[in-house]
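Undergrad: Taken in sequence, the protein lines are chains A and B.
So that you can map any letter, position 6 of the first sequence is 6 in full-length UniProt numbering, and since no number is skipped, the others follow by simple counting.
So that you can map any letter, position 272 of the second sequence is 272 in full-length UniProt numbering, and since no number is skipped, the others follow by simple counting.
The reader is advised that the hints may include incorrect statements.
Unchecked claim - Cut-off 20 Å, straight-line C-alpha distance, at most; resulting in silico cross-link-like pairs (EDC-like, lysine to aspartate or glutamate):
#	chain 1	residue 1	chain 2	residue 2
1	B	451	B	359
2	B	579	A	33
3	B	36	B	170
4	B	579	A	53
5	B	48	B	59
6	B	295	A	98
7	B	534	B	470
8	B	579	A	55
9	B	295	A	95
10	B	61	B	115
11	B	61	B	43
12	B	48	A	37
13	B	534	B	482
14	B	451	B	430
15	B	48	B	448
16	B	48	B	115
17	A	79	B	563
18	B	480	B	536
19	B	48	A	33
20	B	295	B	324
21	B	451	B	424
22	B	579	B	522
23	B	579	B	170
24	B	579	B	492
What the hints assert, rightly or not - Not close to chain A: a few residues of chain B, all C-beta gaps over 10 Å, as computed:
#	residue
25	116
26	139
27	295
28	507
Simulated from the structure, these hints should not be mistaken for lab results.
All C-beta atoms in this analysis are idealised placements derived from N, C-alpha and C, irrespective of residue type, glycine included.
This is what each chain is made of:
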Amino acid sequence: MSVPNEGNDMSSSSDAQLSSHVFGDLLDSIIVDVASECHRIAKLGLDRNFEEEEEELRLSAQARVRVADPSNSGEANSKYVVDIFGQNHPSVASEVFECMNCGRSIVAGRFAPHLEKCMGKGRKARLKVTRSSTAAQTRNSRGNSASTYSTYSNSNSTSRLSNGASGVAGEEYSNGALEEP
Amino acid sequence: MSSMAKITHPRQQINGEILPQPCPHLAEFLSNNGSKPFRALQDCLRVKPPGGRASIRRDPKEVPRCGACGESARPRLYACITCAAVHCHVPSGPSHAAAHAFSMPPGHEIAVDVDRAELFCCACRDQVYDRDFDAAVVLAQTAASTLASSATSAVQQYAPENLRKRRRIDYKPWIPNLREQYLVGKNSSPLNGDVSDLPWGLRGLNNLGNTCFMNSVLQALLHTPPLRNYFLSDRHNRYFCQKKSNADNAAKKIAANTIDGGGNKSAARVCLACDMDATFSAVFSGERTPYSPAKFLYSWWQYAANLASYEQQDAHEFFISMLDGIHEKVDKDRRKPESQGNGDCCVAHRVFSGILRSDVMCMACGFTSTTYDPCVDISLDLEPNQGGSAKTGSTKSSHSCNGEADCMNSSQNCGVSTLMGCLDRFTRPERLGSDQKFFCQQCQVRQESLKQMSIRKLPLVSCFHIKRFEHSSVRKMSRKVDRYLQFPFSLDMAPYLSSSILRSRFGNRILPFDGDEHLCSDFELFAVVTHTGKLDAGHYVTYLRLSNQWYKCDDAWITLVNENIVRAAQGYMMFYVQKMLFYKASEKPGPA
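Turn these sequences into a full structure, and let the hints guide you.
TA: If you want it as structure tokens, here you go:
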């Protein structure tokens, strides 16, 4: 690295030269560090398969472009006409079967809400019980089941996405379900 | 998908160890002197803790200088192994080290980089490698950072005691003998497949009322190869299990002298594995009209009482709960706790359970404490916002500079989050904050530490769960992170294995390792559970890969989709299966 020889002052120019010399040596040393490490990784076959990784990235980028293009058949968002078996299905499942709890005939698409009341679980059913005991029960059981086999200490099982009907605002239980201890 | 051939290096593998071929000068040196000279260097190896780099100094305060020109600041100085003379080297320039090698009688070609403890062949002018030399360096590095009593076994510590080594055996497909053929033929009836070429087991699942969270996970599990094989091979026969449990209950009642009022419904015991078995039978029956997993829902709600509600269900939570349920039931029956890490306890763990390793290193002295934990999946944080406003909920450990570092690492696609990027961050050394000081056994005080995760044992099936849920305790709000995450169809987990992480911690020195790991680190994607819509009003859909075709499973609707749709989808849970399965000898004779 060359530094223009500025002042007439001998000490300042030799300082400048010295510091650029030192900097140059440090830089060289760092470069050799990196080269040595990369050489070792390459020679021992420890390098990652970057070609494959980049190919995957390219394919994904390409896919996103193609999917976003409105001229392509919008497979993702189009309404279904028939499935691969040639069948058509109503928006609410129409199969009828017997509830295994009470024996009544229930329509499949309404089975879950029926079962909830039938088993005495769920929001509306729980409201009948005194609040404090149920709240304690919910807290305790949630604490027990949460992430017994879920990974490592850093994680908490806060990350949950629900798909239920839009909850009633201000309801204690629905808010409780979203927040995490 | 195009297959990329990995660049083959001229190296040999001995017991799984990777070893490059020595250059002729090194080979000559080794055959003349053995590895004694390398081990003799051990006294000169100086390691700066913690976890520091090794250098060669005869005297701790020595400043090496080139014997020929007196330079001490050149980027590389080499000490001849044979005569300890130090010389400088400039690649493509004057090299006093090379001059030394040629001027001396043969045998002075091999030198060692005094600052980096790397072997160098002055004749070839290239860095060379030797297993025994590396072993000596690693020993010096571990001695600097472990308790005196365990210095020698420090590197061998990577294996938890309860991971029994089982010998590998060749796969032998089961072929029924004549008697078995007769039994199977007599006691079963062939299924009438439909005329189409569509794969078995492809069947819609009716939404029973906001149960797409369950349907999506069930579809993935129904097509998880080892799980599917287990149930379709009748390894959990629900009739048997039911009969056995009724007999057990009856025996218990007799023993307790109770009078049975007659079929109390609430006493009907719940076995999620049985319900799983029933679901497999139904889905693989060849029937193509959608199936209603009503009994399954009923059983699961009995098991997971706190989650039994019509709304607000999370697919990942259901997945964990289900595996839990299968495990608990089996565990209760066995009545002895099996180690989950082995997966010997139940099919759920045999398929999904891996072992995570956590290393906490004291930043003052380098002492490292290691723990192992089984896990059935890996939950990953999406990267903190790059570019946008800096306010993200939560994670204590993310410094602002990390986002930029990620950007630089993923060379081209800066700004796109990737699964491998998340895994990189998952296994990156993380500085624990000063409010989380760890008690160091060596220093005997609480010190700031560095924590690093790695995967000790990969499961057969890896499930990655993306934490798309952000909770801000400050604003008492939760929101969903819709950001796209790229995930590969083919995934090599080798960089995240404990062996790789450990090796890189020691500067990528050659370490003696159990050779099998790198053989089973290739995975392929077979199912993706996606979530679209808002936090509490969304929809789950699963994409399945069967016979190299992708199918979209949207409750009752099964449709064919192009792989681009899958690549571009918003992944919430991704399921990967090992490409190659190896068989190990079972310890129990007969059907396992």
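Undergrad: Return the numbers of the hints above that this structure violates; sort them in rising order.
TA: 2, 3, 25, 27 and 28
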